[in-house]
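Participant: Single-letter residue listing:
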Amino acid sequence: MHTDYLLMLIIFLPLIGSIFVLTAKDNHADTFKNAEQVTLLTLLVNILLIITLFSAKPKAEIQADMLAQASWHFFSFIKFSFGADVLALIFVFAAQTALFVGVFGIRKEKQNQKNILFYSLIYLTFLNGYFFALDIMSFYICFVAPLFPLYMLIGYALPERQHKILMRLSFHHFLGAMLLLASCIFILSLKHDDILLSNIDKLHLSYRKSLLVWGGLFLALILRMPVWPFHHATTSVWSALKNPLVFLTLHILPISGIYGFMRCWPLNIPYEISVLTPVFQALCIVTMIFAAFGGYAYTNAGHKLSNYIFVYDLLYLLAVFLPTDVIKLNIAYSVFAFLLITSSLVILQAHMLRESARLNLPVKGILCQMPRASIAYNLFVLAALGLPVSAFFGNNFIIVSEIFNFQLYVGTIVVVCMTLAAISLLHSLYVLKDETCVFAPEMKIKDIDFLSFIVIMIVMFMLLMSLIKPLWFVL
Amino acid sequence: MLENVLYTLPESSLLIGIFVLIWSIVFSKMHGRSAFQIAKIFILISALFSVLFYNKEILSQYFVATSYTTLTYVFTCAVSLIWLSVSSKWFLAEKTSLSEYFCILALSCLICLSLIVKSVHFGILFGLLIMLTVFQYLLFRFSRQSEELYHTARRYLLISLVFFALFFASVALLFPNHLDYASAGSFIAEVSPLQRMFILLGILCTLFFFLSLAPFHFWLSEASSTLILPVATYFALIPKMALFGLFFKLQNSVFSLFAEPLRDVYFVFGILSVSFAVIGANASRFLRKIFTSVSLYQAGVILLVLSTFKEGLISIAYIYTEVYLFVLLGVYICFYAFKINGEYPLNLNSLKGVASSRPYIGAAFMLMVATLMSLPPLSYFMMQFVMLSEIAKFELIVYIVLLGLLTLLPVYLKVIETVAFLKREHNFDRVDFGLYMYLLLHIAFLTVLLIKPQILLLQTDILLSIG
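Residue numbers (our numbering), protein chains in the order written: chain A, 1 to 475; chain B, 1001 to 1467.
It should be emphasised that the hints constitute simulated quantities derived from the structure, not laboratory data.
Take these hints with a grain of salt, some might be off.
Claimed, not checked - With a straight-line Cα cutoff of 25 Å, these simulated PhoX-like cross-link-like pairs (lysine-lysine) come out:
no.: 1; chain 1: B; residue 1: K1414; chain 2: A; residue 2: K202
no.: 2; chain 1: A; residue 1: K114; chain 2: B; residue 2: K1056
no.: 3; chain 1: B; residue 1: K1414; chain 2: A; residue 2: K209
no.: 4; chain 1: A; residue 1: K242; chain 2: B; residue 2: K1310
no.: 5; chain 1: A; residue 1: K242; chain 2: B; residue 2: K1414
no.: 6; chain 1: A; residue 1: K242; chain 2: A; residue 2: K444
no.: 7; chain 1: B; residue 1: K1423; chain 2: A; residue 2: K79
no.: 8; chain 1: A; residue 1: K164; chain 2: B; residue 2: K1414
no.: 9; chain 1: A; residue 1: K114; chain 2: A; residue 2: K242
no.: 10; chain 1: B; residue 1: K1310; chain 2: A; residue 2: K209
no.: 11; chain 1: A; residue 1: K25; chain 2: B; residue 2: K1423
no.: 12; chain 1: B; residue 1: K1423; chain 2: A; residue 2: K110
no.: 13; chain 1: A; residue 1: K164; chain 2: A; residue 2: K79
no.: 14; chain 1: A; residue 1: K108; chain 2: B; residue 2: K1414
no.: 15; chain 1: B; residue 1: K1452; chain 2: A; residue 2: K79
no.: 16; chain 1: A; residue 1: K164; chain 2: B; residue 2: K1095
no.: 17; chain 1: B; residue 1: K1414; chain 2: A; residue 2: K114
On a predicted model such as this, the values are computed, not experimentally measured, just so you know.
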């Protein structure tokens, strides 16, 4: 099997799809239908290709665990290298599936759908490149390139009066990009060749350069995470976004930051940075506590979900900083389940909010009028709580155990925060299913459409199967 | 004899073009578009002859034609052709009868620029710069008459005179035997440090004034909004392309010998340019002023990079300049496409929601802005990356360049926000089909650079035999 071509196809297929989406006529009544179908088909084919690549045999001649690799020269001294191992594939698979589910959430949206689908596919192209990047140059390019489509996506989805927070968020992202660029320039000045991400820590850097390179890399990745003092912009945009697909694209960004740490951050943190580790951990913990309690400050289910996501992003961040790499795959499996759960919850919430706005009703008890959505929402909230219905439970258990293993106090606070976030989410379910709220029979509240329900149930099935074997779909 | 005549064809063809245009003014009533067509034909002929006689010249003690000067001139001609093409649309829309005068001035400026690029003699350079200033002043006055513009034009002329006095004083010290670039360098090295700095600063400051580098940039940034669009386009692109060519040539043959005293000079002017650019762009809501500031930032970056005096940087800086001016050309083509009730908008707020009304133009404009944002994998980023990689040892300069880019970012994002997300407030006029074609070609070329950036750097050392 020509896995190298397969790898390039997985990266560039969304780009090809985006061109088809762009060419859909604006004045046609079925424009969105066409654009949506192209997007769904592109994502579905990509998911199938990823599953095929999972089944490929590792190419021992490249790297022990590499399933495919492709590279080409850009300038005489710049070589782009992409490679797929299981870790990268899990993240890519999760991103495609989350956006596939997300597309079902905007089927009823009327504004800027074509633009949003177009930029989502562009975003996904670069994101795939980012997950597959092997060398520092490809990593940097695919780190920065998704920021423009993301800016466009959020800009289209946010109301005009809230564009200031978008500006602040973009500024954080681009500040990270500049810092990473400076680090890349310093790294590449040492050796005019492709430098693999796994080899950065083997470079001999002076104290000053080491500080600039590692500090830049750390800040670049951390600026994508909702950690104090950079958390406000991300969470503000999360709260303001009503479009589920755009919400999911932004939701993937901190996950990409976590992936970046998994790829670039060495096991033995450089001394220059390691002295700051306790400070950083304290920041993470304090932010996590605020995020966990933040869920109780709102009655809105969307806010509660945002705070839940916030807590889990920080959990993964703490996990990747543990001085061990045995849980890397556990983090990946957990992130995979986490993305699927949250994407399903996001589109279910978007449907409820849409119906509530259409009929001018409160969302309290609205799930009682939506049998299909109710079943799905129940199942996904249970999975999100960490009950043993998916791989999420098992892998989170291992991650938390490892945190306990290294830092008992940190582990305790993490468990408390996770519990608080879970209770907050459970409370949102209780409010949405409040049977005391009676809706008049003439109010015809629409349930989630059958196709979306089937897709969500397939996602649930995937999660259930992953409890037995994480990569159960691999032949 | 005949040979010598042939070698002057790049310039004499432009001169013939001027005579044809004068003839048409005096003896025949020509259609506005025809004047532009004549001017374009003669520019094309001039560029072709320039390529044909790429290493031939007359009066070799004053002018030397090399592959580098030819390349610079051909670039200038190519941009001039597009400039005149889009300007003709402006003149047609305005229904003004002054097209012939405008084309004569354009060809006159181009003759001066062609000779400036080829010049190897400070005396000749001085004369040519005076001629260029006069023609540029006439272009200034060509714009709509207003009190503000009148003062700006007068200020431009007065400040030019001050710099000419400075340049003259510097050149006078080289007189009579050391006026050519080669011997000037060795002569300047021998004089006292104070005299050396005086000569170098006299030449450099005059050049910086013409390149509108900070703090000598106000004449252009003030005038950018009041000038008519074709003249504003000229000042933003054409002289910069040729004068940067001259600056790199002087850097290679004269200034590179004085790395120590000039390092700080370049650094200070570079920092000032980046700072003024950042402040100017963030403080302004005038479209052309914003992009004039962006241009100032790029010029500042080039100076900062050259302040390292590292070998091999001139070629990269040269290509970087060409790329950014090429992207800026795309921005200005978009300006010709934005029209509200026959008026070309000056304020950024006028462009609200233009992407919803003119999606292709809006998308092209956003692409240009995204390119200027140095977003990978676009070609401009690649050039900036290559350039910064070369000076990675100078961490401070790398951080200053990136900080400048970061502080310009809110401006770029604001422009994109206005164009793409805000609600439309005006009805935009129908866009000329020709502008779509120019934009398409422009984007096609940017795409080629994106896919095959090697064509920019292919054997630059051989191609750019600057010395």
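Participant: None of the hints should be skipped; say for each whether it holds.
Facilitator: Hint check results:
1. K1414(B) to K202(A): At roughly 42 Å apart (the allowed maximum being 25 Å), K202(A) and K1414(B) break the hint.
2. K114(A) to K1056(B): Violated, at about 57 Å.
3. K1414(B) to K209(A): violated (34 Å)
4. K242(A) to K1310(B): violated (52 Å)
5. K242(A) to K1414(B): OK: K242(A) and K1414(B) at ~22 Å, within 25 Å.
6. K242(A) to K444(A): holds (22 Å)
7. K1423(B) to K79(A): Answer violated: K1423(B) to K79(A) is near 43 Å, above 25 Å.
8. K164(A) to K1414(B): holds (10 Å)
9. K114(A) to K242(A): Within the cut-off at roughly 16 Å; holds.
10. K1310(B) to K209(A): Between K1310(B) and K209(A) the Cα gap is close to 20 Å, so the pair holds against 25 Å.
11. K25(A) to K1423(B): Given that 25 Å is the threshold and the Cα spacing comes to 21 Å, the pair holds.
12. K1423(B) to K110(A): holds (16 Å)
13. K164(A) to K79(A): violated (38 Å)
14. K108(A) to K1414(B): Violated, at about 30 Å.
15. K1452(B) to K79(A): Distance ~13 Å between K1452(B) and K79(A) Cα, so the pair holds.
16. K164(A) to K1095(B): violated (42 Å)
17. K1414(B) to K114(A): Distance ~22 Å between K1414(B) and K114(A) Cα, so the pair holds.
Of the numbered hints given earlier, the model fails hints 1, 2, 3, 4, 7, 13, 14, 16; all others are met.
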